[in-house]
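Undergrad: Here's the letter readout for the chains.
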Amino acid sequence: MTTPAWPRLDGIAYGGDYNPEQWPREVWDEDVRLMREAGVTMVSIGIFSWGLLEVREGEFDFAWLDDIIALLHANGIAVDLGTPTASPPAWFFAQYPDARAVTKDGVPLGFGARGMVSHSAPEYRTAIDRIAGALAERYGDHPAVVLWHIHNEYGVPVGEDFSPHSVRAWRRWLQDKYGSIAGLNAAWGTAFWGQHYEEWDHVGAPAIAPSTINPAQKLDWARFTDEMLRECFRIEKAAIRAHASQPITTNFMANQHHGVDLWAWADEVDIVSDDHYLWAADVEGEIGLAIAADLSRSVGDGKPWILMEHSTSAVNWQPRNVAKRPGEMARNSLSHFGRGADGILFFQWRAGRSGAEKFHSAMLPHAGTESRVFREVVDLGGKLGRLAEVQGSRVEADVAVLWDFESFWAQDLEWRPSEDVSHDERIRAFYERLWRDDITVDFALPGHDLSRYRLVVVPSQYLLTARDAANLTAYVAQGGTLVVSFFSAVVDENDAVHPGGYGAVLAEALGVRVEEHLPLREGHVTGIRVDDQVFAADVWQEDLVVTTADVRATYTAGPAEGRPAVTRNVHGEGVGWYISTRPDADGLRAIMREVYADAGVDVPATPAGVETIVRRGTDADYLIAINHDTREVSLTASGTDLLTQADVRDTLVLAGGDVAVVRLAHTAPRGDR
Amino acid sequence: MTTPAWPRLDGIAYGGDYNPEQWPREVWDEDVRLMREAGVTMVSIGIFSWGLLEVREGEFDFAWLDDIIALLHANGIAVDLGTPTASPPAWFFAQYPDARAVTKDGVPLGFGARGMVSHSAPEYRTAIDRIAGALAERYGDHPAVVLWHIHNEYGVPVGEDFSPHSVRAWRRWLQDKYGSIAGLNAAWGTAFWGQHYEEWDHVGAPAIAPSTINPAQKLDWARFTDEMLRECFRIEKAAIRAHASQPITTNFMANQHHGVDLWAWADEVDIVSDDHYLWAADVEGEIGLAIAADLSRSVGDGKPWILMEHSTSAVNWQPRNVAKRPGEMARNSLSHFGRGADGILFFQWRAGRSGAEKFHSAMLPHAGTESRVFREVVDLGGKLGRLAEVQGSRVEADVAVLWDFESFWAQDLEWRPSEDVSHDERIRAFYERLWRDDITVDFALPGHDLSRYRLVVVPSQYLLTARDAANLTAYVAQGGTLVVSFFSAVVDENDAVHPGGYGAVLAEALGVRVEEHLPLREGHVTGIRVDDQVFAADVWQEDLVVTTADVRATYTAGPAEGRPAVTRNVHGEGVGWYISTRPDADGLRAIMREVYADAGVDVPATPAGVETIVRRGTDADYLIAINHDTREVSLTASGTDLLTQADVRDTLVLAGGDVAVVRLAHTAPRGDR
Amino acid sequence: MTTPAWPRLDGIAYGGDYNPEQWPREVWDEDVRLMREAGVTMVSIGIFSWGLLEVREGEFDFAWLDDIIALLHANGIAVDLGTPTASPPAWFFAQYPDARAVTKDGVPLGFGARGMVSHSAPEYRTAIDRIAGALAERYGDHPAVVLWHIHNEYGVPVGEDFSPHSVRAWRRWLQDKYGSIAGLNAAWGTAFWGQHYEEWDHVGAPAIAPSTINPAQKLDWARFTDEMLRECFRIEKAAIRAHASQPITTNFMANQHHGVDLWAWADEVDIVSDDHYLWAADVEGEIGLAIAADLSRSVGDGKPWILMEHSTSAVNWQPRNVAKRPGEMARNSLSHFGRGADGILFFQWRAGRSGAEKFHSAMLPHAGTESRVFREVVDLGGKLGRLAEVQGSRVEADVAVLWDFESFWAQDLEWRPSEDVSHDERIRAFYERLWRDDITVDFALPGHDLSRYRLVVVPSQYLLTARDAANLTAYVAQGGTLVVSFFSAVVDENDAVHPGGYGAVLAEALGVRVEEHLPLREGHVTGIRVDDQVFAADVWQEDLVVTTADVRATYTAGPAEGRPAVTRNVHGEGVGWYISTRPDADGLRAIMREVYADAGVDVPATPAGVETIVRRGTDADYLIAINHDTREVSLTASGTDLLTQADVRDTLVLAGGDVAVVRLAHTAPRGDR
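Residue numbers (full-length UniProt numbering), protein chains in the order written: chain A, 1 to 673; chain B, 1 to 673; chain C, 1 to 673.
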């Protein structure tokens, strides 16, 4: 059997999670009729149905699933078939109480929510092999099933597990990694605080302790946790592959959960899919959305991906669940599409009456078809139906921003110099600058081949191995422009400070040495002078020793007053910038203008609040334009608006809140380095 | 034996909790002498004395209790005799460690505070039957004992219990309720998140879990917890009734604890009694007090009740325990009295030197008799002594505010649209409006016969069954005025969204449909326009579809800008108002003025800061007037001030901070619908 | 063997914690070379090395320790040899899992940090006896070893232990203390809330409970916890004394941890040593430092002490770890020195690359020798080298501030009248006033002989026994000036309110009675009038009944408006002041001016921001002057500046941020009472 690279579907997939098991049979017919009205082409089913499919251990009941798949198929709706392994049934935990995940306080988690299982438990692994295999055997050649959807959001709601099963697996994993206990002692630096080990069996999980646990141990624990989940994925994948050839995915959570290393996971799946939800408190949620979409595309090496879940309006699990405003759902969907998503799905088709998520919006809300939301869902189905030709086209970027889950894991450990320093915040700040400048961005690992990028941004890369630092240094030497934010390159893969001091591994590329961190007190705002302008800066300063760099900004106040704040270093053919503080948005704009100039990155003249992305196809390029503002704007473009079929001659006029997808008359200009 | 409806006491009961066991014998004589000086007529004793009465299992020592009861009786002080079952002794837990309550994390609670028992434990139930029976056998015919006081503040400090005893009882309770496991699956909606059950033994308590527990399960858990406590009450009541005929009570906590359903509890007791403590951070604590008093009266169907505990001055368990100012204790006491309390008792008679509550004020404070507090206690005893004729009279109200513990329980569950929405807050806001307008209020359940009320207020009734909604609709149809606040009528008895969408069950009465909730971001203040005035409004908006209603206010900003905010619907003979946001106090006043007009409710011309209530007796009506302000005010009234014996001719002059109880010359006017 | 009073060292000891076990052998030679460059004279070693010294139970490997001690000795660097008992090795816990400390929730603490042991566990006590004995046997006569350093920071990170071992020890400890269970019942007031005990075996630890635990029980628990730690210290001390005669210490945490009673501990050690770290959020951290130093000196009865740990720059465990500014480390060190420290040591010599404290500064930072920090370390070593003659001189004070750990423990219990009242805050406020007035202070217990002080300040002494109150009253009667802050003298040694009411035991000395506490609402600022000035005051008022006192300030607002706020009472030969609220800094200054006048305490004319202390030697007095300001200042002094060898004639000029140590030409004037 060979696995196709994309589900057997025409055009852009459209649909959502569908839970017929929550509804009486008579509702199913209405569902399918309304799906057709809305232009739905694919639904995800079975994701939380284990207990209804395997009612007792080894005793299966597929009748209802047969029925619904047949009904969908008869109506031309394809099926993304879930394995229900994210939520084992009540009988499983009754039979195998030791297979429950345990908190760091030693409390086994209870039933009644979802996802309480120990992924290291042999009984769980046996059970997922059985149910995934049984599903694949039955539906592996069903014409309706075009995609397999393993599990749900690995690592959420719980990834860490301190059960005895997990501790045993952890010791095995450490033995495999280190070979000798001496190796572990060296890597973890156990001479500190008397943590030396003589026996593997003395090594425990980083559970509750009287003080801060060894950070190298916790970093390895994060790696181990991620890998236990991935081992489970592989078991299911193999069980499915034994019977089925459709592509296999699992839904990621991109920038909304850092527990799993999506670069590694993307290697395991046939197709990347992602769940994304706006953070309601953020009035510019579209920027976080763009990060999620670009990251989903980037981990999959630029291949088309599927937006497996987002929401038509409000979610239910945030402190205040703000509803989307008219047109917002379409703008969100088109932004994902523009950034490479060839499937736009929602959680969920029909709003459930019961359970923890009853207040989550749906394609068919509690208010029914006579509602703004359903009308917009139908409209969006129509829009996506006109975009079939764009399927398979690619996004290209001149700029990369580093995103490394290992560095997240390390930086999120305790006892850092300042709790005001946040990896996430720095990424958002730099990404936001680029987004406002309408510059398309890829995410990358520091060890990647970066030569295709004009500019590489390192918003915060606390953990940077010497090897990756050498890669970044070579990138600069060979003509790249690198911009590095403070508190980067501090530790190696064992969370040990690099010999030579903070940032020593990037000293050559940046032409500076960080003598001392100077975290600022809470609320202490200082300033930096860039040429003749002064900008506010807070959270952090550093005591920099400039070696080969030029000073581009100095501190106007604070502990490093009068000393270098921002430096620029010519190294080989390229340039390395270092920003040792947190400038405000205007300050960052001023610095990045210079950085762009070094990198040869042009800032397009896109109106404020408007987002454009180009997808490049075999035969044409497509401009996706989204107006987040309420005013009408004009953009320069020529071609055909696929949504309206209108001719666009030189000027694309976009009403407030509107979107357009233009098949360009000419190929869009390409960045060239 | 027949149970009298009221203790054998003359006039208004006055006294407090009395703990002679904390003091040497010589203090008792002083106590009794000072009680007489203060006009004390009844004290509550024995509430925390289990270990001193049953020193080892089945081994009783009643000698000291005999003594103190005899001493009190000799001095004409009646006894409210407590059963000590709120705090089992150390030997009980040593002998039955499994009878300890267990936290949701699985930790058994320890000794050293109080109330750590599992109310489901068979050993506890045996023990309370034995001690209650032994007390009743000994004191059932003692002439001093006029009232039985079972347990103390059921549900506080802990009601929930996740012990194995409790889980076993829970499964039995669920079997009784649902009959079949299929019934449970349907009611709880277990198809969501894969929570389906095949066996009763797989159903657990809603203990610690990785995510939000099934809300219907948690709602049933709240009902179960309440009923376990009530079962224990019934065991003690039966044990007492076997030997004694005095009335039986247990002290409620009215609006200060929502864990038990006081409507159900009031059916179990012979006399309602309540504990009330001011919330010190609230500078208008008298409003919360009035809510407590009206609720205590309402759950007991208007019958006289006993204020079992309040404080002479500060309490000890709040963040900042503010002392009462001169006269405040009397105003508090008279407000309870005005709202139907025929007993005014305190925690506690004499301030205890030791233990967790040593900083709680008392009738006899640490400072002794030479103190403001003791002088005011003596004065209050004198005042109450002059009010004997009022005993047994009743309060009547034209307005009812809904108060439903089930709706509290459901709304307090997790993952609601906005954490800024509070049932409590809405009740207080509407009640406060009515209090400032000096309109007397009953509380009621939505299923009650409401026909005697001109106006029914629904401050927030998140859970409203279809049957109760029909009752409210009929109330309107038959001429009532109903005012409903947002986020009402959302779910049914299983926390499932009503078919037809939010509020569908009240659509006929209100003439609107709620298409979508529009929670506002934190701190987002919008506005509503009522006629030509604009008022601030925050927290919430809704997307309303008006069917038969008139729009009485529109949104001036926010997601629903320009759309309906407040509506008025004529339905049958009555009117249904809907307020879809949280207006500020001025906005609510403007709306309620119109509502009063519809309902024919008059707003008396009472000066600001003054509270009046009328109690109606067989032979006369009584005006209780309380001046919370510091300025002298005048009220229209004629009759005799019972406190001063002064004639009141047309005008009652009330000094700043003063109180009056006037036997009215004429019957007060009655609301008539 | 006789124990010398001070280590065999010349002059002021200088150095830090040294962890050669964290580094390869080749680094050791560089370390020792740089130590010599920096003027290091003593290092602390072995503190966290148990697992490397006793690799399996009873199996020792001293080779590496032999080597490093030999290397240090060869280079003239003395050794403070640690026992590693603060962090038992992994094998210990694997072998004796029951020797783990248990949280109040019943969770045994895990390995991976440090300090998780039960100090009550017999196995732990056996093990510390063995390792301490083995070290002493081997190094007891080593010429390099000049000091023994037992354990590390007793009570940190965890002192409390709810394990079965601990509960058994607790019951034995209570039996020893009370003799009979009746005694315990009386002391704890167990009649309250039904906590009566009949059997010792029914008494438990104050673990998790449904409400507030008996406060007398918790107070005894704090005493017990402290004594368990001290018992372990005594075991190690005896094991060392069997083989070694060098002085023995353990490092305290002075005002930064209240878990152990340093007055009792100081009786156990030969030399007091202390760890002190600035609290970075405090912009005047030098005041907290001075408190720590004065407390360290005071608990040791004025004898020279050792600053065992402080930091060269930032620490790593605070929310924001602010680096020290140039010169700050020297000012800190000299302030400790001025206040009696004859050893100035740091955590740590060389910054560790791994582990939880890698971001803690060191004498040799990550940046290496080419750094501001190392240069200042070398400079400080030079300065201290010039101060040898000051060693052994003493500080004298005319003013004592009470500091009683028992009162801390009691006041920190739950359910106090206001959570805004803080023992720590009151101590800081009064100490800060004295510090700004450049008045040198001792700390003292209320039971001490206070006759040598002109003024005794009682910032908050919630727990004050009748006996100690009598001591304070006698102090006043005999001519002393006493100033007492609110919420003092409230309870006795069992946390029971004194008979007669709050503060009754000081009524004679103060001439007032506290009728009622009047805590203020959050943010409520009132005022006091002192003569014709009004100052702000918040948090607290009291209802005072003045007996023999004069009223020196009245309340201008709040519940006690118009009533006495501050009183002054002549009693015998002395004066007792009472301050019943929290005045602002200006108000406290105004009051303290009058207090100083009563006491005959002169306020020197020291410029603002400058701190001076005098150390009195056998042959000369020494003025230590520290300029915390950035401006140059002049002080009156004559003699020789030991740091510069410059003559000082009448005027000592001190540059901004600079320090001086002047051998005074004439003896400094002495306070005389």
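FYI, nobody ran anything at the bench for these hints, they're computed from the structure.
Check each hint, because a few of them may be wrong.
Derived list of chain B stretches under chain C, where covered just means 3 residues or more per stretch with a C-beta under 8 Å from a C-beta of chain C [claimed, not checked]: (1) 42-51; (2) 107-116; (3) 302-316; (4) 574-585; (5) 635-643.
Yeah, the Cβ is synthetic: ideal placement off N, Cα and C, and Gly gets one too.
Undergrad: Against each hint, give a clear statement of whether it holds in the structure.
TA: Going down the list of hints, with the structure as the test:
no.	hint	in the structure
1	42-51	holds (count 4)
2	107-116	holds (count 10)
3	302-316	holds (count 3)
4	574-585	violated (count 0)
5	635-643	violated (count 0)
Of the numbered hints given earlier, the model fails hints 4, 5; all others are met.
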